[in-house]
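A.B. asks: Let chain A serve as the given structure and place chain B on it in line with the hints.
First to last, the protein sequences are chains A and B.
When we follow the working numbering, the leftmost residue of the first sequence carries the number 1, and every step to the right adds one.
When we follow the working numbering, the leftmost residue of the second sequence carries the number 1, and every step to the right adds one.
Because the hints were derived from the structure by calculation, they are not lab data.
A portion of the hints provided could be inaccurate.
[Said to hold, decoys possible] Below, simulated PhoX-like cross-link-like pairs (lysine-lysine); rule was C-alpha separation at most 20 Å, straight line: (1) B:Lys17 / B:Lys51; (2) A:Lys59 / A:Lys14; (3) B:Lys83 / B:Lys66; (4) A:Lys27 / A:Lys59; (5) A:Lys120 / A:Lys59; (6) A:Lys144 / B:Lys16; (7) A:Lys80 / A:Lys129; (8) B:Lys30 / B:Lys51; (9) B:Lys66 / A:Lys128; (10) A:Lys144 / B:Lys51; (11) B:Lys51 / B:Lys12; (12) A:Lys129 / B:Lys66; (13) A:Lys56 / A:Lys144; (14) B:Lys16 / A:Lys59; (15) A:Lys128 / A:Lys50; (16) A:Lys59 / B:Lys17; (17) B:Lys38 / B:Lys21; (18) A:Lys27 / A:Lys127; (19) B:Lys21 / B:Lys83; (20) A:Lys144 / A:Lys127; (21) B:Lys12 / A:Lys59; (22) B:Lys51 / B:Lys38; (23) A:Lys144 / B:Lys12; (24) B:Lys12 / A:Lys14.
[Stated by the list, open to error] Derived Cβ-Cβ restraints for the label pairs, each shown as a range: (25) B:Lys83 / A:Lys56: 30 to 36 Å; (26) B:Asn58 / A:Asp137: 21 to 27 Å; (27) B:Glu53 / A:His147: 19 to 25 Å; (28) B:Leu35 / A:Asn29: 46 to 52 Å.
[Stated by the list, open to error] If you want a taste of the chain B side facing chain A, the calculated C-beta under 7 Å gives, among others: (29) Phe8; (30) Ala9; (31) Pro42; (32) Asn65; (33) Leu88; (34) Val90; (35) Gly93.
Positions of the beta carbon are idealized from the N, C-alpha and C atoms, including for glycine.
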Amino acid sequence: MNETKELRSGIYNKGEITLDEIIKSVKNNPKIKNVGSIHVFTGIVRESSKEGKQVKSMKIDSFDDMANITIDDICESLKKKNGIIDVKIVHFKGDFSLSDDLVYVVVGSAHREEGFDAIKNAVDLYKKKIAVWKREDFIDGTSKWIH
Amino acid sequence: MLVEVLYFAEFKDITKKDTEKFDLSSKNLKELIDLLIKKYDPMLELLLDKKNESLSNNISVIVNNKPIHGQDVLSIFLNEGDKIALLLPVSGG
Numbered sequence: 001m002n003e004t005k006e007l008r009s010g011i012y013n014k015g016e017i018t019l020d021e022i023i024k025s026v027k028n029n030p031k032i033k034n035v036g037s038i039h040v041f042t043g044i045v046r047e048s049s050k051e052g053k054q055v056k057s058m059k060i061d062s063f064d065d066m067a068n069i070t071i072d073d074i075c076e077s078l079k080k081k082n083g084i085i086d087v088k089i090v091h092f093k094g095d096f097s098l099s100d101d102l103v104y105v106v107v108g109s110a111h112r113e114e115g116f117d118a119i120k121n122a123v124d125l126y127k128k129k130i131a132v133w134k135r136e137d138f139i140d141g142t143s144k145w146i147h
Numbered sequence: 001m002l003v004e005v006l007y008f009a010e011f012k013d014i015t016k017k018d019t020e021k022f023d024l025s026s027k028n029l030k031e032l033i034d035l036l037i038k039k040y041d042p043m044l045e046l047l048l049d050k051k052n053e054s055l056s057n058n059i060s061v062i063v064n065n066k067p068i069h070g071q072d073v074l075s076i077f078l079n080e081g082d083k084i085a086l087l088l089p090v091s092g093g
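Looking at chain A on its own, in the form it has when it is part of the complex (with noise of 0.2 Å):
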């Protein structure tokens, strides 16, 4: 039997759950019967910004409350989706490095069409509704809050 707890999705300061935490508990989920493919996104420090600016490293701020509140409110309703079985997003906050890893999303799904279109769901609506900002931290000493 497995014993690992079901994880919340949330917030967590960087580092502070691994993917590997996460897809455990959603082989976990009593209904992984059902699933027939586990899908994963992770979102990583890139090293240059939008603009094209040479970032050096980069902050998460976050508003946990409200944060914690949306993304649970994302989940549920993508597990409402015909074929989703779980569906989990674990946002880090703190101060991170190139190649960091800052989000994760994991998708359960019956079949791998639904969870394609989950997990490409999931991450539009975590980028454009959690109460979350990043800072770009530029290697020429400047920095710059993402809006």
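C.D. replies: Coordinates of chain B only, in the frame set by chain A:
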């Protein structure tokens, strides 16, 4: 009447604080905005529109974890102990 302001992103950088308490006499949001701008110059550009007449369209007002909607948001009344957050558009990672 004391209220608490929660700072995020640029606001945290400007104030170097996570939260701050303000003593209001008129009990409305406009007084709080005026106090913030008076204390922290860079907040003027972030909080108000170009004519400095109303709250910027970029700002979302949250009171006690609930979004406040409506055109005349500056006139909303606040209560003792309210927690107010002024949020700029989000940018998830």
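A.B. asks: For each hint, tell me whether it holds in the structure or not.
C.D. replies: Hint check results:
1. B:Lys17 / B:Lys51: 28 Å, violated
2. A:Lys59 / A:Lys14: Holds, at roughly 10 Å.
3. B:Lys83 / B:Lys66: Holds, at roughly 10 Å.
4. A:Lys27 / A:Lys59: 31 Å, violated
5. A:Lys120 / A:Lys59: Violated: A:Lys120 and A:Lys59 sit about 24 Å apart, past 20 Å.
6. A:Lys144 / B:Lys16: Answer holds: A:Lys144 to B:Lys16 is near 16 Å, not above 20 Å.
7. A:Lys80 / A:Lys129: 19 Å, holds
8. B:Lys30 / B:Lys51: It holds: about 15 Å lies between the C-alpha atoms, which stays within 20 Å.
9. B:Lys66 / A:Lys128: Holds: B:Lys66 and A:Lys128 sit about 18 Å apart, inside 20 Å.
10. A:Lys144 / B:Lys51: 24 Å, violated
11. B:Lys51 / B:Lys12: Violated, at about 25 Å.
12. A:Lys129 / B:Lys66: 14 Å, holds
13. A:Lys56 / A:Lys144: 12 Å, holds
14. B:Lys16 / A:Lys59: Between B:Lys16 and A:Lys59 the Cα gap is close to 15 Å, so the pair holds against 20 Å.
15. A:Lys128 / A:Lys50: Judged against 20 Å, a Cα distance of about 17 Å means the pair holds.
16. A:Lys59 / B:Lys17: Between A:Lys59 and B:Lys17 the Cα gap is close to 16 Å, so the pair holds against 20 Å.
17. B:Lys38 / B:Lys21: 15 Å, holds
18. A:Lys27 / A:Lys127: Violated, at about 26 Å.
19. B:Lys21 / B:Lys83: Given pair B:Lys21, B:Lys83 holds - Cα atoms ~9 Å apart, limit 20 Å.
20. A:Lys144 / A:Lys127: Cα-Cα ~17 Å, so holds.
21. B:Lys12 / A:Lys59: 12 Å, holds
22. B:Lys51 / B:Lys38: Answer holds: B:Lys51 to B:Lys38 is near 17 Å, not above 20 Å.
23. A:Lys144 / B:Lys12: OK: A:Lys144 and B:Lys12 at ~13 Å, within 20 Å.
24. B:Lys12 / A:Lys14: Cα-Cα ~19 Å, so holds.
25. B:Lys83 / A:Lys56: 30 to 36 Å: 34 Å, holds
26. B:Asn58 / A:Asp137: 21 to 27 Å: Once the Cβ atoms are compared, 22 Å apart, the range 21 to 27 Å for A:Asp137 and B:Asn58 holds.
27. B:Glu53 / A:His147: 19 to 25 Å: 22 Å, holds
28. B:Leu35 / A:Asn29: 46 to 52 Å: The hinted range 46 to 52 Å holds for B:Leu35 and A:Asn29, with Cβ atoms some 49 Å apart.
29. Phe8: Given a least distance of 5 Å, the restraint on B:Phe8 holds.
30. Ala9: 4 Å, holds
31. Pro42: 12 Å, violated
32. Asn65: 5 Å, holds
33. Leu88: 6 Å, holds
34. Val90: 6 Å, holds
35. Gly93: 3 Å, holds
The structure does not agree with the numbered hints 1, 4, 5, 10, 11, 18 and 31 stated previously, though it agrees with the rest.
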